[in-house]
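K.L.:
Listed below are the residues making up each chain.
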Amino acid sequence: MALSRVPIGPYHPLQEEPEYFNLITDGEKVLDIEVNVGYNHRGIEKLSERKSFDQATFVIERICGICSTSHPFAYTRAVEDVFPVEVPERAKYIRTVIAEGERIHSHLLWLGLAGHFLGYNTLYMWVWKLREEILDVMEILSGNRNNYAMFKPGGIRRDINPDDIPLVLKKIDSIVPTLDRLRKAIIDDPVLHKRLKGIGILTKEDALDYCAVGPTARASGVEKDVRKDDPYGAYDRVDWDMIVTYKGDVFEKVVVRVLEMYESIKIIKQCLKNLPPGEIDLKLKDIPPGEGIGTHEAPRGETFHYVRSDGTNRPARHKVRAPTYMNLPTCEATVIGESIADATIILASIDPCYCCTERLTVFSPEGNKLYNGNDLIKLSQQKTDKIKKEMGLK
Amino acid sequence: MKLPKIRELLEAIKSLLTKPYTSKFPYVPHEPYPSFRGQPKFNPDKCVGCLACEQVCPAEAISHRDIVDDGIPRRIMIHYTDTCIFCGSCEANCIADNEGIKLTKEWELSFFDRSQAYETIEKELQLCEICGVVIACKDHLKWIAEKIGELSFSSPTLYQSYLKGLNIIDENILKAYKDKGRSDRIKILCARCRRETTLTTK
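For the record, the sequence lines run as chains F and A. 1 is the number of the first residue of the first sequence in our numbering; add one for each residue after it. 1 is the number of the first residue of the second sequence in our numbering; add one for each residue after it.
These are calculated hints, taken from the structure and not from any lab test. Backbone N, C-alpha and C fix where the C-beta goes; we use that ideal spot for every residue, glycine too. You may find that some hints are simply not true.
What the hints assert, rightly or not - Here are the simulated BS3-like cross-link-like pairs (lysine-lysine), alpha carbons at most 27 angstroms apart as the crow flies: (1) A/LYS187 to F/LYS171; (2) A/LYS147 to F/LYS171; (3) A/LYS5 to A/LYS24; (4) F/LYS51 to F/LYS283; (5) A/LYS102 to F/LYS383; (6) A/LYS147 to A/LYS105; (7) A/LYS102 to F/LYS184; (8) F/LYS46 to F/LYS247.
To be verified - Just a few of them, taken from the derived set where beta-carbon distance is under 8 angstroms, the chain F residues facing chain A: (9) ARG50; (10) LYS51; (11) PHE58; (12) ILE140; (13) ASN144.
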């Protein structure tokens, strides 16, 4: 048996953090996978210990460009947990609106990329066009398309102008018909069924063993969502459902994310319609000595922050645990036994955090064949075409 | 297979009749939403040069340079466009009714040379009349005097700055103190010189 080693990384072209995967393959089949992380150490925790509690929010926001609400949300909750204090009601609602807007655009981003990997470039274009509407909504609400700079310990930084709310609701409503069509195109597509169903299965036991979080766990039937389990913000004041599916393959992960976008739209609309009047900021001055933890259900799963204060205006210790940290090891359970063409989408299906630089080389010990990131995408797209041909669609 | 084809045809006709989704950007200028956070700009009339914005800026995008030995003593407030993250902390913490530095809707901020990516304003500085070190900007001292009202008459530095600003400083008032050996106190002084003139005898 001739085993070959397929390194993916340290900069992965499809995924969102510089990670290093070592696929040990026999021909097309993946027999083993080694995962290495830690190539993107930026010293964020140390950096935030140098900033004041207020300034650190902006550093935390830049841990990830896509989760630029999740990390500050968890961080501000951790700082508020040091007191502990309750933020004003209006701030809670606005925080929820921003967090859910982020969830929609993050899921749309992932959906578009997944479409691109599978050779559905039309889907990619449509989804990213739809994402623009959400980014416009975020710009109206917060003043920026990403990195919203809305969160601060004790409240939020800027209020939502009541005059903007009708426009925002109109824009949110306008994406629903397109989203419906996308849902039908994705969930009812026979090629995608054949391509994605039954690959990369993460069983419920594995999901629990690996402590998977977020849509990755929910697609495997684990009913785990911080928003339901430990309600914060306005999540216990609005009506929404947790989306759980049970098969755990890549297709189910797509389904969970698509359906979650509808729940997010529901939450945003309810929050904006019932926005309570009042203060938006507690104007916290001195953080007492102590420690606090904060969690938030990010688009990718539970984000966890720990903050220790020694009574000065800077955090003495700050610990961040991003959801991908928990989800990444699940690829040991999902990728093994699949083909290299499928590994692309399975590794991407956990939606790891994005900061990819196109630098990937795949080589075999014989040493002649070199693949780069585009080749891998092509490999994956060719497989979809093959399935289409077999089904007589092309 | 027929139904999707008809739908595609309808879609094609519809997109022929509708405007393109993309904008004609370089030819038609882009107008951001009213709440857009663009480049912060100093307002030279309102800014008092207190450096609160420099203190709170998380990205260290605001700094200053004091020029005392060349012409009128002045403080140059510098805002680095390339470092700024447009968070609005400077505006939120501005002591001059949040108007000394304000976020604008300006977003076309590209430069050919990164070393040119900054904006400055100049504020006149007040120096200590004895030792010549920087006390604060003249506008800042005036702002404090206005803020605390009649209490400012407990501090010669404050009320003299205020009165000088109004052009009503009278040398005769100071003359009365000179004979009693207290003329040093009735000056615009830095904290160190005030302590020396008040608490120690030379």
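K.L.:
When the structure is checked against the list of hints, which entries are broken? Sort them ascending.
P.N.:
Of the numbered hints given earlier, those the structure breaks are 1, 2, 3, 5, 6, 7, 8, 9, listed in rising order.
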